[in-house]
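*Asks:* The task is simple: from the sequences and hints, build the whole structure.
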Amino acid sequence: MSKLGDLGAKLYRGEVGYDFVGKRFLWYGVSILITITAIVALAVQGLNMGIEFKGGAVFTTPKTTVSVAAATEAAEKVSGHDAIVQELGTGGLRIQISGVDTGAATDIKQKLATDLKVDQAAINADLVGPSWGEQIANKAWTGLGIFMVLVVIYLAIAFEWRMAVAALIALIHDLTITVGVYALVGFEVTPGTVIGLLTILGYSLYDTVVVFDGLKEGSKDITKQTRWTYSEIANRSINGTLVRSINTTVVALLPVAALLFIGGGFLGAGMLNDISLSLFVGLAAGAYSSIFIATPLVVDLKEREPAMKALKKRVLAKRAAAAAKGESPDEGYDAEDEPQVVAQGRSGRRR
Amino acid sequence: MAAPKKGRRPTGAQGRPGRALAIILIAMVALTAGMFLSKQTTPRLGIDLAGGTSITLKAKSEPGKESAINETNMNTAVGIIDRRVNGLGVSEAEVQTQGRDHIIVNIPKGTNEQQAREQVGTTAQLYFRPVIAFADGSPAAPEGTPSPSPSASGSTAPKAGDGKTSPSATPSSSATSQGRALSEALKAPAAPTPSPSASESKKADDTKAPSPSASAPATGDEAAAAALQAKFAALDCNDPAQRAAAGQGAKPEEPMIACGQRGDAWGKWVLGPAQVNGQDVKEAKGQIDPQRGQWIVTMQFTDKGADKFAKITGELATKQMPQNQFAIVLDGKVISDPSVSQALTGGNAEISGGFTQQSAQDLGNMLSYGALPLSFSEDSVTTVTAALGGEQLKAGLIAGAIGLALVVIYLLMYYRGLAFIAIISLLVSAILTYTIMSLLGKGIGFALNLPAVCGAIVAIGITADSFIVYFERIRDEIREGRTLRPAVERAWPRARRTILVSDFVSFLAAAVLFIVTVGKVQGFAFTLGLTTLLDVVVVFLFTKPVMTLVARTNFFAGGHPWSGLDPKRLGAKPPLRRSRRTGSAPAPVDAKEA
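Quick mapping for you: the protein sequence lines, in order, are chains F and G.
Note that my numbering has the first sequence beginning at 1, numbered continuously upward.
Note that my numbering has the second sequence beginning at 352, numbered continuously upward.
Everything labelled a hint here was simulated from the structure, so no lab data went into it.
Below, simulated SDA-like cross-link-like pairs (lysine to any residue); rule was C-alpha separation at most 25 Å, straight line:
id	chain 1	residue 1	chain 2	residue 2
1	F	Lys109	F	Asp119
2	G	Lys460	G	Leu748
3	F	Lys54	G	Asn426
4	F	Lys220	G	Phe855
5	G	Lys409	F	Glu87
If you want the footprint, here are the derived chain G segments under chain F, 3+ residues with CB under 8 Å:
id	stretch
6	746 to 757
7	800 to 814
8	845 to 855
The C-beta atom is built at its ideal place from N, Cα and C for all residues, glycine as well.
*Replies:* This is the structure we're talking about:
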């Protein structure tokens, strides 16, 4: 605690810190690599869409004594796909199996009849359409699009357009990674997955906004000083909010991790697994991108501004002058005012 | 928000925490009491967790239109039924096609099944037909009482309720004095004109034989007209069987007889061929007219529909009661029969008079979504058990409890005394969420499915974020060398800004999804929006005031080592801080460094 509080204090004052902005190209590279992997996985493997999206077959059995759990197991073994089993008011079972077409249905029907010990003729087989038709999925995408436009406008007003653009890129980055993981792992995409994905929208941006808020405050009077360039200030503010970012991320991930490993781990694949996996990946990616991607992107955009270029020039000139006078660049100020040097020295510790 | 606007001056906020806490306490007590009074002590569960009723519908194959049962039409029907049964979109009903010509509708337990079946069952075509004759619902003993109550014909146009047998009709004699819902006057820009007295002779004629009236060019010959008339006379709309059979199988291009409810009683109609059909209605909704403070139904037609509607209303407006009315017929049943006082051009119209909120919204829904491309019959209705079974919910709740415990442990380790404030705030948030969700189950049919349960668990972490933002701000202020009281007040405006901006982004996501999407996504968006709003409420009305109060205690203000606000440990500026991380307990740190 004390060490941690100490670290927090040093981070706050910029005595220690990781050079996020200086090493941004490393992290851009990492992100691009992950994104390419995700896109390739998506293109090669595709997504494993659940029954809600592509339909499947539904089997209705007459009254049977077989338990729902046993029937689920039998159905999944017979078909090799996920099955949803419900008990009907008649005492029979309704078994929905995804990814089954007419040909396979007859076969499955036969096997089911033996496994469930009912007359094959009494099992009713039918194909079902997607309950989560294109319509619902499309509307979710439309909503996503509208949200992105609105949020960019809002962030452009609340902050500035550069931050809005960076936040949007970070958001798309998070969504791509999450979808990519789904393609890679081959988990079934269910409504739960989509809903998990949509939760990431708000959350990924929540994190980014918290970091940006710190940045906006830190760079308020930036042109009135000549000590630091914009990128140095940005780096300081990331480090200053680092404890906050880590804490919010840990606290958000803990319940999700519990869902993923306890809910999913014990029960095997299921709704809990679907939703918590997409959330877990998305939240982790969101925390990462808000620190390593979003803010550095703002810096890249911002340092193209003439005012910031001029500032950088002035800062560097001043430092050069100080150096010429034989002072170490540190000496004119309190040690804590010079983030660059210390940051490099300490960076190893953070990793 | 009851937050201090400028929290700069500690004294300014001194008197306020009590008030804010009182507000939230009252809200919690009221919600909890409401929950117990309405006997809704648990949130309603979605069909995936609680099971419910499964209705199977079969598309009716109509002679000559067999090809109408195709994938496109079936999908359109699924979309329409989904919007109908889901109402606000939070009731978690599922609709999907099965096989070539079936639609399955799964409705979670606790929904008004009767109502849902009606909504699903009346999967009908919607037509606007001109009224040729009207009578009350009983079979046609021609001595029908001329319902003597001469209506105090008020501002709206009461419709002649008993047209059939009152040759001596008093001016717009209304059948029922309440004239509820029936006295809809189709209102154009102008105020509803009281329809003038019905000309008795004409009315009598009409009922005898639906004369080839101008508005309804009679397609049938005399015999057909006579047959229709005979059927009309014999029809008893008070008999459910006859009622159901009355309008069945009527072709849109031919006249028909139909039953419908007028207020508390049944009425029967002879109707002309359909002039406008449901597909011509672009949008309709029940809304309150702010000027008159009454419920109305507004309709917007498609371009084609607008032309047709202008034509029919132009014709109807010149006629007398009851022939200046058109009937809105859904699945052979008259659901409304507004009268027309002038031609309505431009594609917009409104129906007013005697609506309740419920009836206006129902009619709006039916007009909007009633135009199914196919008609369906109920094939089977059966109960189904939960698709996911109890173990998923149980596992979810156990996982939630473990997750919550982990969060609590982490907060305690990191924030020590402060963590208690966060934990109690989480508790307040949980109570509010739970009671509101329970109440909404009854109020708007809100149902909690497994994704929503997961969402609520995730919300633990998201809600805790707001506290962390605030706590870290306070700690930063203490690092600046401030004592706790000013630190708490100075940290607040900045933390408040961050919390509001980021919560606004979350809320925006929820609102957009709620407005744009349907079905499950909408239900989820609702949950997300609700938890975000509650987060703001809890932070403003609970966490902040409690923090203000707590700052007065010795334990926290004195910077007790276990308070989480020890200036020394936080590395506050003025006190000597070259303590070089002495050997003092580096234990809990490692968890964090990772």
